[in-house]
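S.K.: Protein chains in written order, with this note's numbering: chain L, 133 to 403; chain U, 181 to 500; chain Y, 14 to 550; chain Z, 5 to 546.
Check before you lean on any hint, since a few could be wrong.
Label pairs and their computed distance ranges (CB to CB) [claimed, not checked]:
#: 1; chain 1: U; residue 1: Val288; chain 2: Y; residue 2: Ser113; range: 31 to 39 Å
#: 2; chain 1: Z; residue 1: Asp147; chain 2: L; residue 2: Lys174; range: 54 to 62 Å
#: 3; chain 1: U; residue 1: Phe184; chain 2: Y; residue 2: Asn84; range: 29 to 37 Å
If you're looking for bench data, these hints aren't it; they were derived computationally from the structure.
For glycine and all other residues, C-beta sits at the position ideal for the given N, C-alpha and C.
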Amino acid sequence: MKRFLPPGPESVVSIGVLAVFGLAILFPFTLTHSDPVTGVAKEHLLAPGWTHWFGTDQLGRDVLTRIVYGARETLPAALLATLTGVVLGAFIGGLAALSAPVVDAALSGIIDVLLSIPELLLALTVVILTGFGPVHAAIAVGISQTAGFARIIRNLVRSLRAMPYIEAARLSGTGFGGMIWWHILPNAFRPVLGLAVLRYSMAILSLATLGFLGYGAPPPTPEWGLMIAEGRDYLATAWWMTTFPGLALLTVAFATNRLSHAMTRTRGDQP
Amino acid sequence: MSSFRHVCIQLIRALLILWGAFTVTFFLLQMMPGDAVMVRFMDPELGLSPEQIEAMRVLYSGSSSPVFQYFHTILRMLHGDFGYSVQLGVPVRTLIEAALPVTLRLAVVGFILSLVWTLLIAIGASLLPARPLRQIFQAIPGFWSAIPLYWSGIFIIQVLSFKLRLLPVVGVGPWEGTILPALAVSLPIAAPQAKLLLQQIEETERLPFVMAIRTKGASQRSVFFRHILPNSVTPCLTMAGISFGELIAGAIVTETIFGLNGLGRLTRDAVSGQDVAVLQAVVMIGATGFVAANLVVDLLIPLINPSLRSSAGWKETSGS
Amino acid sequence: MNTQRPVLDVSHLGISYDGKPAVENISFQTFPGQTMALIGESGSGKSTIAKAIIQLLPPSACVTHGIITLNGISLPDATPRALNAIRGHQIGFIPQDPSSSLDPRLPVGRQIEEVLRLHTSQRRAERRAHVLHLLEHVGFSEPERRFLQYPHELSGGMKQRVLIAIAVALAPPLIIADEPTSALDVTIQGQILDLLDRLREESGSSVLMITHDLAVARDRAHDMIVLRHGQIAEQNTTRNLFENPRSSYTRKLLADSPAFHSRPATPERPVSGTQPAIQVKDLTIAYGSRTAVSHLSFDVQPGTTHGIIGESGSGKTTLLRCLMGLIPPQSGSVHVQGKDIFSETSAERRQRLRSMQLVYQNPWSSLDPRLTIRRIIEEPLRNYFPEGQAWRQARLHDLLERVHLPLALLERYPSEISGGQCQRVALARALAAQPDILVLDEFVSALDVTVQARILELLSELQKELNLTFVFVSHDLAVVRQIADTLSIIRYGKQEEYGDAEQIFREPASPYTQTLLRAIPGQQHSGKAKREGSKEW
Amino acid sequence: MPVPAASPLRSLPAGLFALICALSMPGAEGHSQNRTITYLDPQEHTNLYPPAGGFYPNGGILSQITDRLTWQDPTTLEIRPWLATDWSMNEDDTEYTFHIRPGVTFSDGSPLDARAVAQNYQTYGKGNPALHFPVSEAISNFDRAEVIDPLTVRFHFTHPAPGFLQATSVLGSGIVSPGTLQRSFDELGTATNIIGSGPFVVSADIPGKEVDLSARKDYNWGPENRPARAKTDQIKILVVPEDSIRVGALLAGQADIIRQVEAYDEEQIRHAGYSLHAPSTRGVNTGIAFRPDNPLVADIRVRKALLHGTDRQEIVTVLYSENYPLARSVLSSKAAGFVDLSEKLKFDPVLAGQLLDSAGWRRGENGLRYKDGHPLRLGIHISLPHPQNKTMLELVAQQWRRLGVELDIMSGSAAGVLLDNLDPQRTPLTVSEVGRADPDVLKSEFFPKNRDALLQKGGQSNKVQHFQDETLNAMLLDIASRTDRAERLKQVVAVQEYLIDKAYDIPLFEEPQVYATSPNLTGLGFEAVGRPVFQNVELNRP
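Excised from the complex, chain L in its bound form (with noise of 0.2 Å):
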């Protein structure tokens, strides 16, 4: 594992800052004892204070405890969609990579047409074809980010299938399974990995988004881009409301930049 995961400041921050949204979503009741989604209609918009330190919200919820529950619906998902593009991505970059030039030169061409269609115009018609809901969400970004995938693995293996040794490795008689399962996977492993954690934290960033324009979950699940665009509305009497959320995602979302920096740097090795 070690061979993946670089040691340093920076990467050690990151991964501690991940852990505690880590501990959010599998044990968010460690981090606090009210609940997110039945609020105490009397305390509504109180400012932060030693009861409520993110403050509460125009129902009377903790914004802390919400924006700890919500790391479970955002998070997730996020990674969710990234899996998606990334295994979308890998299958067609991939393919496209590995196959004769005429099939590359069509699945180049796919890819370059998903890439022109604007990401959040695919991803808002992609809800609106499955449906509203988290998971359609989380989909639909994936499928959104799945050309950007697919044209930098296409070319991350194409650059590894001119490498010296993977034709040394076809004089040792590998054929083309061996040649994808032991040279091209591990090596094509990192940088894609990287790659993944890039998005990841963009795919939070789309998701949020596509919460704020209203096709993320419904209320009162307190996902993080709906509690910003929510919050958005009070922001001239309780701007804790929107300012909160709005750190959270911009913490992990930075977290996981640098992590994927701190990746992708070590040993130069990026594609």
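We have chain L; now place chains U, Y and Z onto it with these hints.
M.R.: Structure of chains U, Y and Z alone, referenced to chain L:
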């Protein structure tokens, strides 16, 4: 001769991509549940009977098969006719004519601003005297790409317009009204560009010729501006081409927040109202922007980088 | 020793990288009009010393002690501004790799002009005239045209001339030449060194030449310092060093340098008679409209070594790939063990590929960085032989022993072992397929002479024990001379000469071969530079 | 030493700053005298065919550019003359005769006479299928219009139409030029195509962004409280969907009037010295209507339980302000025929629990109620036009959860929501509200051929299996056709009681339209249903 051939090939490729984008969206939109006629005329405010609604539907979309409509729509679009917005009751062309300048202004100003940021970040990260300062500049792209656009937009309005009263956001002229949204949209556009530029600068700095130039007695600043920067911008151009297409997607959010009535707002309303003709037109505009930006970049790269004059291709150089 | 005032005075220099000492206690002086050579293998610290002198060490390096003065000015104490005024003006620097040492984006004239712009108050027109003069001075015949050309339009030798023009533009008292010719073909190498000698004589500059090549140093330097592990192994005049080396390390270096030895006498091996292992007939290979190789023919007898010599761009790599069957020829044929390799069935092809292994030039890029050495060597064993785990294990140990590698290496990754070890692994992998023929592509070019000598010994040993046939491709005549029985010399894809190796070395028939042989460094003595570099090539 | 070509390090940020400063100047001091009044509306207008004026942004424009035959006094709800100087009707309300004021012209110069009025009503009352004009929901039983003389017009009805007089005063009955009605329906999406006789004329329409109004200098035929020309020359109606931007822009002096101020922002607006206006919409109160076709709410005990299990007071206190009075009936307290039914709407969670128990819904492990293994889970879609509707539903959900009932708040694409709302199985509940100052409003909301809030068989939806309430429908028809005003109002009371007794609707609060204006602006008036009237608006220099 070969460069003419190259341009021709790229043009044909661009047209194929446009055709592909049209086809994909046409059938995606056909698959949507319900339609714009329903969304608009089933509104209880209008109190129309189901029979009347059905009559409306026949009027708008005709009763022909999707395949016929597909060819019909292509032919229409080739003549510059984008059809009729069911939702707003206006020809799509009128809508686009009103919306496109707004978004183009936003895109152009935002894009220029993003280039300014990119350059400033690169300069700061390379030339500032103190190492911690340089590191802060190096972290900016990651930080900016982590900011949700709608969130920064909200804060830009609240702080710059309402608190500091620098610029009004409502009832202002087209260019003035573009500045704040362009500022908001420029951050996420600048982030990946700056990240790539920093990466390239780092790579260029490792190249032997940089060391060779230092041995001539050139100062750090002179080496940076005369050699490192010009040698690092090529891949960023590619990225810039791609990000131009994303500006339109970014516009959906920005225009919602800033109350601009450009393509983004049009798109958003068209999506929720399932106004297929409008969506189709928007996709074609976005795709055209994307393809055109890439063509321009493709033709620009050899001008900037003499060693690529014989063989240029943005396909291979694009990255994350 | 020398009564003149030294140009450069280095004393007790110590440098460390991240706290680990890289260079210790180095002291030397250079004098006007003289060439001082710093000799050493990779990692000996020679480039570090050069960078310390010009004060361009990477941030991780740090000068721990010692003094560096240039004409009495202490360089480590100079301000950045003062240093910029010294670099290029007082110190000219000729970098190692001409192909990557010019800004690819600017015409070369502009790049020469830059040094004038930085250090003189000349106006534009004056600078231009100066640059044109310099271009002419370093041997360009059409300076006006060259001025506007981009680096990618020039050959390696031309680029090196441009870099020399930059270094000598302001006639600096000190010129540091960091491996100035190691990336160039042997014929061009001589011309460049001649040029450098001429300029030194004209300007009276002091030259500090950094090189790994004893032969080059012998031809050009007045004094020499042999470095080993960051310390001075020997400091001597060139004559003394070669005639009477004091340190054992110098003696070992001299012994391992192929340039100073002809081939050790080997028992006469059959050069003709039996069926050739490889038979190439009238082979022509084209890439698109360009002909890379034309009308090549040679035979290789089993158990012998055929050397193929060519400078860069001669088509030797193309030939080799065709030999392996990786690219088809336009005309002509290749027979391996009597069979035409372009009309074989896929089963035959698989069988031939097993018995004919290719070993690559770059030690690292031909080994998959994500696999352990064990996995790498096992690959052909798994693919070609159905035997089980135990057999493979035994075979693995046997192979490792054959290439003289310790068992401990098995679980390491390629990035964790040295270049020489990598080449041994590559050799073991090739041998694992139990081949009859090994095709070796610039197999030892990237290695230090001492390592190179060991690998060459290993090859001879393996050939004897396993009765292997070698095709040995190289640009280095001295190395090929050590190992080849027969020889092809190719130039621009055409065969210049083919025949018995000793015969060719003794009595070269083609003028090109004669030029090549003459250009081998180590045959002349310092100061006696031949005037060949004045004409353009 | 050579001098480097440039030092962007220093000059760039400075230049940028200068640029921003330079550009910010006009914004900071741009308020010239006699300037245009800026009105911010959260939504853009859609089709401006006058009968579609019920949509607020449409109403906001139509009420400035069109006049009606009559004017309804917002305080007394009395019908007063406007374009019609006087009128008469026959015994059974099947014939109405109006005398048109002489000298009125449309903004294109053509005369507004009996012929024009007749053509308007013919279109509103019967629609125009050829040009796709639908029928106005305000006009029932219309037969034909007859031009008696150039300034006299008579309308004939198939059945008694007692609501017609009031209907001539609503926004949906604004008179437009005959030329406007000869355009196709779709062309009326462009505001400049609407030619009316009102105090303002549309001078520009930038779709989705802006509608500019300029005053008609020759206007002198307004109703009695505002007879003369408009006090301001220019009104700019801007579309600004973001709540926080409308409020912020108002407070930052970038706008003069804003519509739709949410309750939580009222405090700071008042605090900053700005004025709030909250005209009532006087119709059916905002509430939650049941679709009894869905078996879950077919049982009156369940509906009653939810009615009594909803803490309406908490909703009003927590989410809204005094501008949102607690509903005391299905109808607004300011509507004609209102009856106070507070006693029947009491919050009583104990009773609610008992009712649910008796209906067979037992609490399960997790606190939710189950019957035959199925949870009591009711779906509802958010109704975006209503203030804080999503938050309100979340609060209702929070309250119902204590009863053991799960309120499933759904979202979806516009088409999906429409389809869902027509399917009682998916949406046993819907948010109901309609603004109109006439008792007919009850019919508009609940009658199967109208909005059909309860979704009856034979109504708007073909998904309904059984539910039909003939009693209710008969009562609603009765209101629409009863001629005697007192009798009519009695029937209105009966319908309100019936709706609550059957627990078809949970009325929550009386919905106002909340506007805020800058302190130096005066003269903002309102229609009977809360649409703004800009005729008397003017800015007083501070």
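S.K.: Now tell me if each hint is right for this structure.
M.R.: Going through the hints against the structure:
Between Val288 of chain U and Ser113 of chain Y the Cβ separation comes to about 38 Å, which falls inside the hinted range of 31 to 39 Å. In this structure the hint that Asp147 of chain Z and Lys174 of chain L lie 54 to 62 Å apart at CB holds, the actual value being about 57 Å. A beta carbon spacing of about 58 Å between Phe184 of chain U and Asn84 of chain Y contradicts the range 29 to 37 Å that was offered as a hint.
Violated hints amount to a single one, hint 3; each of the other numbered hints is respected by the structure.
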